[in-house]
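One line per chain: the protein sequences are A, B and C, in this order. Residues 0 to 290 in numbering that gives the first Met the number 0 are what the first sequence spells out, letter by letter. Residues 0 to 246 in numbering that gives the first Met the number 0 are what the second sequence spells out, letter by letter. Residues 0 to 331 in numbering that gives the first Met the number 0 are what the third sequence spells out, letter by letter.
None of these hints come from the bench; they were simulated from the model. Note that the structure is predicted; figures quoted are calculated from it, not measured. Ideal Cβ placement from N, Cα and C applies to all residues, glycine included. It is possible that some hints are incorrect.
What the hints assert, rightly or not - Cβ-to-Cβ under 8 Å is the rule here; a few derived chain B residues that face chain C:
#, residue
1, 13
2, 16
3, 43
4, 71
5, 77
6, 84
7, 100
8, 105
9, 114
10, 118
As the list claims (entries may be wrong) - Here are a few chain C residues that sit away from chain A, every Cβ distance over 12 Å (derived from the structure):
#, residue
11, 89
12, 171
13, 172
14, 285
15, 293
16, 298
To be verified - What follows is a set of in silico ranges between Cβ atoms, one per label pair, in the way DEER data are often shown:
#, chain 1, residue 1, chain 2, residue 2, range
17, A, 260, B, 116, 47 to 55 Å
18, C, 13, B, 145, 25 to 33 Å
19, B, 196, C, 13, 49 to 57 Å
20, C, 274, A, 4, 55 to 63 Å
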Amino acid sequence: MANFIAIVIAGLATGALYALVAVGFTLLWQTSQTINFAQGEFVMLPAFFMLAAMNAGLPFWAAIVIGFVLSTAILGFAFKLLLVDPMLPHGVLPLAIATMALSTFLKELVKTFYSAEASPFPSIAPEGDLHIFGVSIALQNIVVLVVAIAAVAALQFLLSRTRLGRQMQAAAQNPTVARILGVPVERMILYSFLINGALVALASLLISPIYLAKFTNGETLGLAAFIAAIVGGFNQIRGAIAGGLLLGVVDNLSAAYVSTQYRGAIPMVLLIVVILFRPSGLLGRPEERSV
Amino acid sequence: MTPVLEVAHIRKRFGGITAVDGVSFEVREGEILGIIGPNGCGKSTLFNCILGQLQPSEGGVKLDGRTTTGMRPCDLNRLGVSRTFQLLQIFPRLSVRDNLILAGQEHEGTMLSRLVGPRDAGLTSVADQMIEFFKLGHLADERAGGLSYGQQKLLDVAMAFIAGPRLVLLDEPAGGVNLTMLANLKDRLKAFNAERGATFVVIEHNMDFVMSLCTRVIVLAEGKVLAEGLPAEIRADPAVIEAYLGH
Amino acid sequence: MSHFLGSRASWLAGLLLLAFLLLAPLEFHRYGLYILSQWAVMTIAAIGLNLTLGYAGQVSLAQGAFVGVGAYSAAILTTQGWPLGLAILVAIALCFAIGWILGYPALRVQHHYLAFVTLAFSTLAFLVFRNEAWLTGGTDGIDGVPRPVILGISTKPHLAYYYFCLLVLALVGLAMLWLVRSPWGRAFVALRENPLRALSLGVDTRRYTLMAFAIGASLGGLAGALYAPLVGLVEPPAFTLALSLSLLMMVIVGGSGYFLGPFLGAMVAVLLPEWLRFLESYYLILYSLLVMGLLIYSPTGLIGILDRFLTHRRTRAASAARASLGASIERP
Numbered sequence: 000m001a002n003f004i005a006i007v008i009a010g011l012a013t014g015a016l017y018a019l020v021a022v023g024f025t026l027l028w029q030t031s032q033t034i035n036f037a038q039g040e041f042v043m044l045p046a047f048f049m050l051a052a053m054n055a056g057l058p059f060w061a062a063i064v065i066g067f068v069l070s071t072a073i074l075g076f077a078f079k080l081l082l083v084d085p086m087l088p089h090g091v092l093p094l095a096i097a098t099m100a101l102s103t104f105l106k107e108l109v110k111t112f113y114s115a116e117a118s119p120f121p122s123i124a125p126e127g128d129l130h131i132f133g134v135s136i137a138l139q140n141i142v143v144l145v146v147a148i149a150a151v152a153a154l155q156f157l158l159s160r161t162r163l164g165r166q167m168q169a170a171a172q173n174p175t176v177a178r179i180l181g182v183p184v185e186r187m188i189l190y191s192f193l194i195n196g197a198l199v200a201l202a203s204l205l206i207s208p209i210y211l212a213k214f215t216n217g218e219t220l221g222l223a224a225f226i227a228a229i230v231g232g233f234n235q236i237r238g239a240i241a242g243g244l245l246l247g248v249v250d251n252l253s254a255a256y257v258s259t260q261y262r263g264a265i266p267m268v269l270l271i272v273v274i275l276f277r278p279s280g281l282l283g284r285p286e287e288r289s290v
Numbered sequence: 000m001t002p003v004l005e006v007a008h009i010r011k012r013f014g015g016i017t018a019v020d021g022v023s024f025e026v027r028e029g030e031i032l033g034i035i036g037p038n039g040c041g042k043s044t045l046f047n048c049i050l051g052q053l054q055p056s057e058g059g060v061k062l063d064g065r066t067t068t069g070m071r072p073c074d075l076n077r078l079g080v081s082r083t084f085q086l087l088q089i090f091p092r093l094s095v096r097d098n099l100i101l102a103g104q105e106h107e108g109t110m111l112s113r114l115v116g117p118r119d120a121g122l123t124s125v126a127d128q129m130i131e132f133f134k135l136g137h138l139a140d141e142r143a144g145g146l147s148y149g150q151q152k153l154l155d156v157a158m159a160f161i162a163g164p165r166l167v168l169l170d171e172p173a174g175g176v177n178l179t180m181l182a183n184l185k186d187r188l189k190a191f192n193a194e195r196g197a198t199f200v201v202i203e204h205n206m207d208f209v210m211s212l213c214t215r216v217i218v219l220a221e222g223k224v225l226a227e228g229l230p231a232e233i234r235a236d237p238a239v240i241e242a243y244l245g246h
Numbered sequence: 000m001s002h003f004l005g006s007r008a009s010w011l012a013g014l015l016l017l018a019f020l021l022l023a024p025l026e027f028h029r030y031g032l033y034i035l036s037q038w039a040v041m042t043i044a045a046i047g048l049n050l051t052l053g054y055a056g057q058v059s060l061a062q063g064a065f066v067g068v069g070a071y072s073a074a075i076l077t078t079q080g081w082p083l084g085l086a087i088l089v090a091i092a093l094c095f096a097i098g099w100i101l102g103y104p105a106l107r108v109q110h111h112y113l114a115f116v117t118l119a120f121s122t123l124a125f126l127v128f129r130n131e132a133w134l135t136g137g138t139d140g141i142d143g144v145p146r147p148v149i150l151g152i153s154t155k156p157h158l159a160y161y162y163f164c165l166l167v168l169a170l171v172g173l174a175m176l177w178l179v180r181s182p183w184g185r186a187f188v189a190l191r192e193n194p195l196r197a198l199s200l201g202v203d204t205r206r207y208t209l210m211a212f213a214i215g216a217s218l219g220g221l222a223g224a225l226y227a228p229l230v231g232l233v234e235p236p237a238f239t240l241a242l243s244l245s246l247l248m249m250v251i252v253g254g255s256g257y258f259l260g261p262f263l264g265a266m267v268a269v270l271l272p273e274w275l276r277f278l279e280s281y282y283l284i285l286y287s288l289l290v291m292g293l294l295i296y297s298p299t300g301l302i303g304i305l306d307r308f309l310t311h312r313r314t315r316a317a318s319a320a321r322a323s324l325g326a327s328i329e330r331p
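Only chain A is shown next, with the shape it has when bound in the complex:
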């Protein structure tokens, strides 16, 4: 039983990470119809910014700051300016495919210019376990859980309690009306890209100590983000959070109790089941049928 709880908590920690990544993905879709197939690589990359900074001699905390700044600037601002803005007029599909090319580009960039091998990455959490009620929980997991939840909570607060956040929501739900009401829609869209840049940097910081920094990290993470977003309900931030947590727990439980060979299959099955029986997702609203 104690083991089970430990696994669930580890699952929640992983799930919180998936949620971070899924939230950013959903945010981009909501505000600008961008399906970012490179989201996984977006999470893979900032760790390498940080590693490069540390290799140049900077202390860990400074490298983290650099990583965040670069991530927001490049994966947020530059991404929007150079790829999304020129491509959006052509439609959702061409942009989605462009992000597929982008994911290959980023992967190969890291593989060629940094390393094809996995690099260790320092953790912001101390070593060791916490023992409560006979359950042994890795401190790592607790820190990840706390930080990720704090970040998501902060985002939710921003979106629903602040004026800026409400403007962002208005811009996402109905840009035409929002414009009429004086909401600077273009700026709101930019903010969502910048926020995603920060979210992926945070996810990168939390996940790289566990999986080691490797150019292939994006593949599983990206897939997890997409599944979490869909399972939770494609149109909802809350859905992305719920989907991420669910996915993390399911993933960890299946690793422990199902054959390791097919561990990767469980999230797929979850996805296919959700699409079959509840396509609007667990928390999604059934869409108005228009076609």
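Starting from the known structure of chain A, arrange chains B and C on it as the hints suggest.
Frame of chain A, contents of chains B and C only:
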């Protein structure tokens, strides 16, 4: 006799707004029913509910006695219901003839037979007849995108007619059409109604067009039926005049 | 697109290309033949994906997995002594069925769910290829896939197998041409340009899209069944998401929705690594950068650029003709 179309207590809400608020009416075979009303009275929303493009929040639609509420537009079309759109929706890259063949082909055979059968699904002569009927003869092979607005309007109507529908819903057919073309259009609609016995429901703003074409008129205001009757009666109805002038 | 195939210039170009494809290989060495055969096989898969993406507007990230299903079917059956012809039929039928099963629920919803479902299937397929050693040989794969004997002629010589692949490609091309010019082709134009209007005309957009996906998948399977005897070895790493992405890029770069797009795209994808071999590891970086650039400039790919150029020239010629006509009328 079962009416061709029965609309019963249709209500459509969008969030806090009730666009259509309990509309009921019947359309009998061979009628040309006009639906008029000031802007925003719910005409287009009503149409979309009847045609399966929107799910009504309440109420039902029956075609020849058979419930069709919420059916997909393509299935409705195959039951003999077709429509024209307020904003022209022809296929500019296809030729005029191809537009018409497209409009009719889904009624010919099965999907498989359409794959292995002739390129035109056997519809070239029917399409050409329709082109003649609408006096577009010289344009049959032209790209539809190159036609004048009025000609495209005629094509749009022709596309709604080619599969020999039981019921045609026309959404503001007179919009943006010059007087000559308008007379032509009215003439063709009347001819089609007389020759084939098709039933029409027409949404329109152009009062003269409606009064001279329709056999019966319904007036909508704020999502509800305000008045119903013969064109002459409607014209003289004080409530109707009030509704139009009041806006 | 139709004017493309109709003009005399393009018929001539087509004939020259055909001549090249038929005669030049007689001079090629083994490796050149292998590359050309690969091109033919990948084009078949790309044609299938073009139907799904270019004509029906759906992203599929599983085409590589379907190639894998076809390849393994062929490998399993032919190494057990069954003829390749049977393997081809099995591959086509199996992939069609899987396509239908995957597509049916995914296409009921509005969002681009098919992309994600195919992504998931791609991963699942790889896992099955790798884990089910009793069927697929696991990580070692299946070796020694034999070349078929067709009408008494052995295709073991590389030239012979190349002609066989070319023949199948020609048949597939003709079938696709037929499909595109049939009423289905009209329905696809409608569903791409204006799905709402298409629906109101009775076009069952869902059914057509599903068929496009299932047929596209079965062409992937066919390509796989030809791939297995070509390479001789069928193993899991050949059929990962990377292959699906590569096929997607072929369709995009060539020009999605154009009949000749897959031919051109596959040529670029197969030949470019050979020409850019000196770039080694930088090759993929450059290629993905080029793809992004191409998409920004011309989402309709290389043939799209050509099409725009030709249309532009034709319009200018037409307005020049009108201008001179107008001028001649005005002269008293």
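We went through each hint and held it up to the structure:
Interface restraint check: residue 13(B) against chain C, minimum CB-CB distance 18 Å, threshold 8 Å, status violated. Nearest Cβ of chain C to the Cβ of residue 16(B): about 22 Å, over the 8 Å cut. The hint is violated. Because the smallest distance between the Cβ of residue 43(B) and any Cβ of chain C comes to about 13 Å, over 8 Å, the interface hint for this residue is violated. Using the Cβ-Cβ criterion of 8 Å, the hint placing residue 71(B) at the interface with chain C is satisfied: the shortest such distance is roughly 7 Å.
Among the interface hints, the one on residue 77(B) holds; its C-beta lies about 5 Å from the nearest C-beta in chain C, closer than the 8 Å criterion. Interface restraint check: residue 84(B) against chain C, minimum CB-CB distance 7 Å, threshold 8 Å, status holds. Below 8 Å, beta-carbon pairs count as interface contacts, and residue 100(B) has one with chain C at about 7 Å; its hint therefore holds. Hint status for residue 105(B): holds, given a least beta-carbon distance of 4 Å to chain C, under 8 Å.
With a cut of 8 Å, the hint placing residue 114(B) at the interface with chain C holds, because the nearest CB-to-CB distance is about 5 Å. Annotation: interface hint on residue 118(B) holds; nearest CB of chain C at approximately 6 Å, less than 8 Å. Separation of residue 89(C) from chain A is adequate, the least Cβ-Cβ distance of about 24 Å exceeding the 12 Å criterion. Distance to chain A confirms residue 171(C) as a non-interface residue, since its nearest Cβ pair spans about 24 Å, more than 12 Å.
Residue-level check passed: residue 172(C) sits 24 Å from the nearest beta carbon of chain A, beyond 12 Å. Once the 12 Å rule is applied to beta carbons, residue 285(C) is inconsistent with being away from chain A; the minimum gap is 9 Å. With a minimum CB-CB distance of about 9 Å to chain A, residue 293(C) fails to clear the 12 Å threshold, and the non-interface call is violated. Not every CB of chain A is more than 12 Å from the CB of residue 298(C) (nearest about 4 Å), against its label as outside the interface.
Distance hint check for residue 260(A) and residue 116(B): the Cβ-Cβ separation is about 49 Å, which falls inside the suggested range of 47 to 55 Å. Remark: the range hint 25 to 33 Å for residue 13(C) to residue 145(B) is upheld by a beta-carbon distance near 29 Å. Restraint check, residue 196(B) to residue 13(C): a C-beta distance of roughly 51 Å satisfies the suggested window 49 to 57 Å. As the Cβ distance of residue 274(C) to residue 4(A) is approximately 58 Å, the hint placing it in 55 to 63 Å holds.
The structure fails to meet hints 1, 2, 3, 14, 15, 16 from the earlier list, while all remaining hints are met.
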